[in-house]
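Peer 1: Based on the sequences and whatever the hints tell you, model everything.
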Amino acid sequence: MTSHPVPSLPTPSDPSAARSPDVESSPALELAQLRRDYVVRAAAPGSRRRRRQRVRAVDEISLRIERGEAVGFVGANGAGKSTTIKMITGILQPTAGSVRVLGRDPVPERRRLAREIGVVFGQRSQLWWDLPLRDSYRILGAMHRLTDRALAARLDRLVEGLDLAGFLDRPVRQLSLGQRMRGEVAAALLHSPALVVLDEPTIGLDMVSKEGLRRFLREDRAERGTTLFLTTHDMGDVERLCDRIVVVASGQVAYDGALAGFRERLGSPRELVLDLAAPRLEALALPEGARTLAIEAEGIRHRIAFSGAELTVPALLTRIGAQAEVQDLSLTEPAVEDLVRRINAGDRPG
Amino acid sequence: MAEQERPGAASEGSRTGAQDRPVSTARMIATLYGSRLRSQATFRTSFLADVLGQVLIVGTEFLELWVVLSQVGVLGGMTLSQVAVVYGLGALAFGIGDLFFGEIDGLSAQIRSGRLETLLIRPVPLLLQISSLDLSLRRIGRIAVGLGMYVTALAIAGFSPTPALLLLAVLAPFAGALIFGALFTMAGALQFWLVDGREFANAFTYGGNYVATTPGAVFALPMRAFFTFVIPATLIAYAPALALLGLPGPALVPSWAGWVGLPVALLAWTIALILWRAGVRRYTGAGG
Amino acid sequence: MPAHGRIAAAAFRQYSTYRMATAAGIFTNTIFGFIRASIMFAAIGTAGGELGGYTMLQAATYVWLGQALLAPIEAFGTREVSQRVHQGDIAVDLLRPVDLLSLHYAQKLGRAAFLLLARGIPPLVVGALVTGLALPEHPLSYLLGALSLLLAITVAFLADMMVNLAAFWLVETRGLTVVYNATMNLLSGFLIPIVWFPDWLLAIARATPFPSMIQTPIDTLSGRVPPAEALGLIGVQIGWAAVLALAAWAMLRAGTRSLEVQGG
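Residue numbers (the numbering used here), protein chains in the order written: chain A, 1 to 350; chain B, 1001 to 1288; chain C, 2001 to 2264.
The set of hints was computed from the structure by calculation and includes no laboratory data. A quick note: this is a predicted structure, and the numbers were derived from the prediction, not measured. Glycine included, every Cβ here is placed at the ideal spot set by N, Cα and C. One should not assume that every hint holds.
Facing chain B, a subset of chain A residues (Cβ under 7 Å, in silico) [unchecked claim]:
id, residue
1, 89
2, 91
3, 92
4, 107
5, 111
6, 114
7, 119
8, 124
9, 126
10, 135
11, 139
12, 142
13, 143
14, 145
15, 147
16, 148
Peer 2: Have a look at this one:
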């Protein structure tokens, strides 16, 4: 068991005083055989007596993330993602194993760590509901002990990058979901954290808002060399933001590797559905990396699978356009759940 | 804000103005509480109704004592004006304590909704955040009535101030508020263990208020002992009122006990903070 | 009516699962009972053993019955309906084939049945052991007491519904709730028996439905008011129940119509 040193009050004047060289050079995230059990009381069907039951949410996860990496942490509901995030942010003590974040032990050093990490909970607001958005940043700036100048400069950058200017003076409760999420991301990035943890940051957003958010997260990472740790159900988030993907299933790491390798391993995850102007029963001639899955509706509808890594949509369309007139098309991104299922099917025979 | 320089210019220059000083602890606390004051001032009409409602509640509570005293003349050895000193001082102390810490006993709702997690990822002590986030200004109604009644009743009851008694009269409401704050914090901390046990804590916070605003001599000895040595409610208003008015106290609550408010508040807060820390540790150990 | 029976049974079962909350409520009710009894004993002791028709034993009975019945009568009100009005969910409720008021009444009865058993009995047991309780002389008092309690629950329910339904016209009902609770707390005879009031305050209290919610069932059950006199008080309760039922129904109708006008 880890001991609990008395958490001293953070020294406001010099946050770097607390940092040892060891802390500076340590990886962003180091999980070793991390385990977390919950004790739940549940009634067996037909019984009124509730029994205590141990449920293992995270089962021996080991993971090392270097500073500056961007990692997508994906998995189905109940796979252990939220529990892992709680252990990383110091909200939850591991049952066994160890977690070090930026060289620190999260639970005993929770408040100190809070100055170096920024967290977005997609389902939970961190903003002050009844105050203008701008006031939330003023309060958070005070909490993080930013200088007036640093706060103003950072806020300028966030307002510009996330396009907050239009609603900065509106109470948070009046904002649309997309506006609010941009505000949430700005709140998490206000103190220029070294590690950014995003828990479902784009849930419920429309395509335009999603893209805006992703673009800024990329920009900010390029400017500051931030480490990004992202959980999501949206493969698009991982594709645009991450260069490494970790898949968890039943509390364990089912896959860990570069995003490119992940795609290769799964073959061709994206699917293009074409409706042609005139029926065509034979398959279209397709470039390398694409293949016809099915021809439906008497030759009108062609389903084509292709790999987003090897082929761009315009290139594919140019090639097809030379052979047939396209009347309508749609593009489907594979859901994370599908990919995870395929990973599992590949790993476990049968 | 538009005139401000970019951060690059600041690091080059040798000027270190107020803009480059990190926010001090005092200013951070002022910012936290100030934000709540402003957000509540924006709903004027409902704010006014809330304040009036509070005044009405305090009024009906005192009416209970008034009705009893109009029948019997003396309650627990005190006349109406003397009882009003106890009631006014108790209401004032409770009002201040409730203003700053009253919402902590709603902690279980925050645990269930997950809001607590968003507070835990900030670099500011949890207790300070909860206290400032939920500061509820409508409670000023109780404070105003309590203060008015305390001052008026002291005058009517024949308070003859010496410098020491005057100091006690000023300090007593704050010592009492600190004791109530500690009681609320303990009540909140208990909810880390008893998530559905909010009402359990009410026995000590609101029950403590009930006892504090009543002449302590009315309670039978075991109860008086409990509400003096375990929950120090009789030391909040009754004991200081005895000392201020020069009245003898009943068994267990002598007149001089009116002077122990601050040390008792210190002790109560020590226990409250230990309990609170243990509660937070339990939360991070057990999960939401 | 079988639907209402099932709703009431479901409410009973639902409340029986809140074990910790129930235990906490019992504890707090009992502590407050001791505090209130202390104040009354001190007053009666000073008055020479009897005050406004209450002896020590009768005062103890009055306090413990009050603590026991507070939870089942639920005079301090609920917020569910007003919240549903504010959130617009009430429109869905109104589409259901079951009348809204009777549906909530069935829930309230189921809830009250559980709270009467779980929260009502313990304070009475504590009271009987510590201070003693005055039992009614006439067996008819139990029967009339049960009837009076049912009517008290009904009157409290209807008044609470009216406060809740005001949400159709008020943006924020908290102020109204606070004012209602403070008035009820005093005039219902929960804090102190209304017969101790000075005449002017007693006249005001008697002109409101509040004594029908708490003072009347306590007096009837404890037998402090003999059965013949209790019949008159029960008549008053029935009168208030009828008036409030009409008023609540009218409010619901007017509120529904204002909803239709807004196209909600």
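Peer 1: Evaluate each hint against the coordinates.
Peer 2: Results for each hint:
Interface restraint check for residue 89 of chain A: the shortest CB-CB distance to chain B comes to about 5 Å, inside 7 Å, so the restraint holds. Nearest Cβ of chain B to the Cβ of residue 91 of chain A: about 5 Å, under the 7 Å cut. The hint holds. At its closest, the beta carbon of residue 92 of chain A sits 5 Å from a beta carbon of chain B; the interface hint therefore holds under the 7 Å criterion. The interface hint given for residue 107 of chain A is met, as the beta carbon of that residue sits about 5 Å from the closest beta carbon of chain B, less than 7 Å.
For residue 111 of chain A, the interface hint holds, the least distance from its beta-carbon to any beta-carbon of chain B being 5 Å, beneath 7 Å. Hint status for residue 114 of chain A relative to chain B: holds, with the closest Cβ pair at about 4 Å, below 7 Å. A distance limit of 7 Å between C-beta atoms decides the matter here; for residue 119 of chain A the minimum to chain B is near 5 Å, and the interface restraint holds. At about 6 Å, the closest approach between the beta carbon of residue 124 of chain A and any beta carbon in chain B falls short of 7 Å, and the interface hint on this residue holds.
Evaluation of the residue 126 of chain A hint against chain B yields a held restraint, the C-beta minimum of about 5 Å falling below 7 Å. Interface restraint check for residue 135 of chain A: the shortest CB-CB distance to chain B comes to about 6 Å, inside 7 Å, so the restraint holds. For residue 139 of chain A, the interface hint holds, since its Cβ comes within 7 Å of a Cβ in chain B; the closest pair sits about 5 Å apart. Residue-level restraint check for residue 142 of chain A holds (minimum Cβ-Cβ distance to chain B is 4 Å; threshold 7 Å).
Taking 7 Å as the C-beta cut-off, the interface hint given for residue 143 of chain A holds, the closest approach to chain B being about 5 Å. Given the 7 Å rule on beta carbons, the hint for residue 145 of chain A holds: about 4 Å separates it from the nearest Cβ of chain B. At a threshold of 7 Å, the smallest CB-CB gap from residue 147 of chain A to chain B is about 5 Å, leaving the interface hint in force. Annotation: residue 148 of chain A was flagged as interfacial toward chain B, and the flag holds, the nearest CB pair being 4 Å apart, inside 7 Å.
When the structure is compared with the earlier hints, no violation turns up for any of them.
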